[in-house]
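Taken in sequence, the protein lines are chains A and B. Counting from 1, position 469 in the first sequence corresponds to residue 469 in the working numbering; the numbering is continuous, with no gaps. Start counting at 1 in the second sequence, then tack on 1000, and there's your number in the working numbering.
There may be inaccurate statements among the hints.
Where chain B lies over chain A, by a calculated footprint (3+ residues, C-beta under 8 Å) [what the hints assert, rightly or not]:
#1 115-125
#2 202-215
#3 224-237
Below are the DSSO-like pairs computed for lysine-lysine, each with C-alpha atoms no more than 30 Å apart in a straight line [claimed, not checked]:
#4 LYS1264/B x LYS378/A
#5 LYS199/A x LYS1003/B
#6 LYS435/A x LYS465/A
No wet-lab data here; the hints were simulated from the structure. Note that the Cβ used here is the ideal one computed from N, Cα and C, for glycine as well.
Residue-level listing of the chains:
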Amino acid sequence: MSRGRLGRAGVVVLTLMLGAAGCGGSDKADSAAAGGTLVIALPSQPEDLNPITGSDNVYEGNQKFFNGLLRYKKDLSAEPDLASEMPTRSTDAKTVTVKLRDDVKFHDGTPLTAKDVAFTYSAILDKDSASPLASLLDSLDSTKAIDDTTVQFNLNRPDPAFFDKLQIGIVPAALLEGMDIKTAAFNRKPIGTGPYVLKEFQPGGRIVMVANQSYFRGAPKIKRIVLTSVEDENARVALLEKGTVDAAGIVPKLAPRVRRNSDYNVLEIRTADARVAALPNRDPVLRDPAVRRALSFAVDRQKIIDGTLAGAGEPAYGPVMKGHWAYSPVAEKPYDSAEAERLLDAAGWKRTGAATRTKAGKKLSFTLMYPPADSVRKDIALAFASQMKQVGVDVKLEGREFDVIEKRQDKGATVFGYGTPYDPDIELYTLFHSKFATADKDAFSNYPRTTNTAIDAALDAERSKLDVDERKQDFVTLQEELAKDASWLWLVRLRHVVVISKRVKGVDPQVEPHAHGFSRGTSWNLEDWTLEPKR
Amino acid sequence: MLKLILRRLAVLPLILLAVATVTFVLTEISPFDPVEAYVGAENNVSPQRKAEIAHAWGFDQPLPERFGRWIGNLAQGDMGNSVIAGGQPVAAEIASRAGASIALVGGALALVLVGGLVFGVLAAAFRGTFFDWLVRTMCYFNTAAPSFWVGLLALYLFSIELGWLPAGGSSDPRAIEAAGVDFEHLILPMVVLSLTGYAWFTLFVRNTLLEVLREDHVQFARAQGIGEVAVLLRYALPNALIPFVTLVGTHLAELIGGTILIEKIFGWPGLGLLTFNAAVNEDIPLIVGITLCGCVLVVLGNLLADVLYRVMDPRVREALR
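Bound conformation, chain B alone:
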């Protein structure tokens, strides 16, 4: 187990280097102009001044040189300075936004897990009934409907037309204390972010359960006269859950990626919104910084899932002993 963890962590720097390289190259070939983003369109800035601004920020240096200097700084723990965020250090900018995103992703992940588990088990228990059909139809709908569309729809319906939930932001702007994350503001973005994943997990739990229910040891339990509910929860579910755990790790990446659109739609001041702004403004240090942080999270998430998988599956656990 320790070997596994060490091996994965040893590869991490290589993954990060590869991701950073690809990100740098991608930003280089993107059509966006960092100077134009910096001074704003429809400005009165002369071409000569634009060239000077590009030089001051180092936009005019060739890619290998910029990349080399960036690696050098990173080795000393300096992720560079964001261009659009008032020239502030990338690390501080990311840290100041992380809380809002952790609340959003954490909440959505909880909904995905709990929702997927509850509805998946119920659908499997009542397989073939109207309830099963309803759950599956909703799941297909949620998987098919693009989340930005659902997000806009939810925003217009629940915030703008019905006025039940706040329209955007992470807390009441009038509040006296420092702005943070308010649960009422979190509900809509969290639910919309969780929809695709929840649908996927529900179907997954349902199908695995149905498969496990056909296996011999479950049939044996039934033959012993154990009740259907106990069979489902005590004998079938634990076995169905093992692959589920691995999927959580992979799904974390999807949730993190999903925050870009969701935070943009709901004006949620987290890393997703920051990513969006960094991307359209061609803010290379910020884009690379966020990408690397996301990358670390995904690798660690997968690692955690693999560790859990080994802890939970008795066969693997035995083998490791």
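The following block holds chain A by itself, in its conformation from the complex:
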């Protein structure tokens, strides 16, 4: 009796499973034919492909559906993309005019006009769009289409970094006008002007894009690109080894394993991406600038790079990367633990044990937090703590999510990741200006709550003028003052380790920003890559 019924239920379930197995078989058969496909593993899937609402669109790799008015060349200088020539500024620098190409079409065949550009920028400023990019455009008042191929940007102040902000992907006005942009279906079905067209979006799985055959610069060489999300760093390497994926960003310590595989090139890409300990000015120990300055001498940066990054990094002493036009070597002080000890003694923290210092009965000790899922930050924090111990500073490590770190802003230092290779104003102003030091809901701009008039003055000066040489002087001053204030203890700049199949030709990475994985830096010229057939 009962057995019969249960038995039948079992058969139904088993049939479902075998049905699934059948599908699996056909997947296998087709993969051999898919020689023209490049599979890239990302640590996570971009959830929103609309340049207006997606939080990672300025720096992440999904700009291949879209074009900006300008784009970065290999050396990170700007060149026209949808613009037909470089933009012009009015004499008061508060009006920027851009001429557009007249031969560009969206993926749906409609021509690009100035109206689309004006719509995109106005939509970002519209509060209802909830665009994370609105802050970036704080200098923009309004955008106007003068005629079909002329756009005018009206600024509320001269903005020397404004050309960097003309790289946001342009969306077609006709498809989004009058809609609630933050919930538009467009966010998962983007229509742009870019070299690749979205073919499939599998939520939580893969994104498939195919070459735009009528791209205005000529169709891309690789016809099909798949972005798949693989969160586990070891799994990414396993998939590379099996040939399931052709390219992936990996953590430096796994690079030696992949180097043994002759099918892949392992690239170490220079980045502006620094790891920095933010030292809160309201912490009872770290409030003393003399202590903060001493810590910088006690860090053996090269040892951290060799020990935790397998050599894939360079020492960092300030917010601007070496080689950038705004860089100053003023803060470059070599590792000197004796100097660190002298400074700590002078600040009143006397040695009272093998690894302790005290002042008025209080121990020299502070907490250092890091996001626990990030193995690179964790390793850096561990190395840092052990180096501090040698000069008698006790560092308590705590792995904490950013939501917790935000709430404990004044109660301990945190390992952050920051750094832009583009115009420094974009990032440094909100990071260091005292304007952003007070509000409670403000942990991630000016986390240490630095209030330093000299730093404020340098920041206000650099953004008030356009001349690069004059601005450089202000940035030199800024870097001097930051070194004196020492609220940020710069540790290392990472090299992003990217593994790409040797079948792929034409990879020529730009210096990368903080964003991880397969970001703009490596894939900036993705449309020019070629893929040799599998041997």
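Got chain A sorted already, so can you dock chain B onto it with the hints?
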């Protein structure tokens, strides 16, 4: 029987309302900040813009107001829009992930039932032998070992070190046709998800069988000279299976809950992974939507089990007649 079904279905909206209320309150007191999740940590978004983003999404409205509006929309069949999933409708997002999860939970449930039945019967048949001891030891191990640990171990062993099975995802990313569920990709997450339940069911079937085997009607069958195998399968097992069916309904909830960790570990693009992402990103409409769907499934699963129980147990069946 019909009365039972109707009564249960009538209570369902009340259960859902209670669950929705509790979920809303829980998300309100959780430490996660939806705006921070939306713009990403280490951003350059000014406090003023963050406030505007919160306002645009309605995060800044008081809980009763948000809850009221949500109920109103739900009454019109609108579950709202997810914040993290590109602002897409919650219902569509859930529907697009359901297939992968149904394959995973369905496969695991089949393994639990078949595995539990086969090993439970075998262990009971060979009670006291080494085989019985082995089955029981494995069961205790599976019950005690946390599934996320077993999952990670299995992933590292079978996918990363040995390379026998695919490491994550639901199908080959290179495949030309639309992504679906590939059996090779399903094996590891399905087996790991089924382990705890399979162990539990094996022990359950074994113990119930041993109890039933001591009962008078079984002894009578033996006395009639019926063979031990026939006694076990034809006389003991059917009686042992009746409580088993009720347990399947309850166990469904456990399996569904288990998918959150398993899908996270194996990068399985189903509802469990969606739940995880919704939770850490404080995506309230999505969290509530998934919770309600899970709730409906569990209630229906239990109802089905109760109906089956009544159909199978002759005493209850007689009473209902």
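For each hint, the structure was consulted:
{"no.": "1", "hint": "115-125", "verdict": "violated (count 0)"}
{"no.": "2", "hint": "202-215", "verdict": "holds (count 5)"}
{"no.": "3", "hint": "224-237", "verdict": "holds (count 9)"}
{"no.": "4", "hint": "LYS1264/B x LYS378/A", "verdict": "21 Å, holds"}
{"no.": "5", "hint": "LYS199/A x LYS1003/B", "verdict": "50 Å, violated"}
{"no.": "6", "hint": "LYS435/A x LYS465/A", "verdict": "20 Å, holds"}
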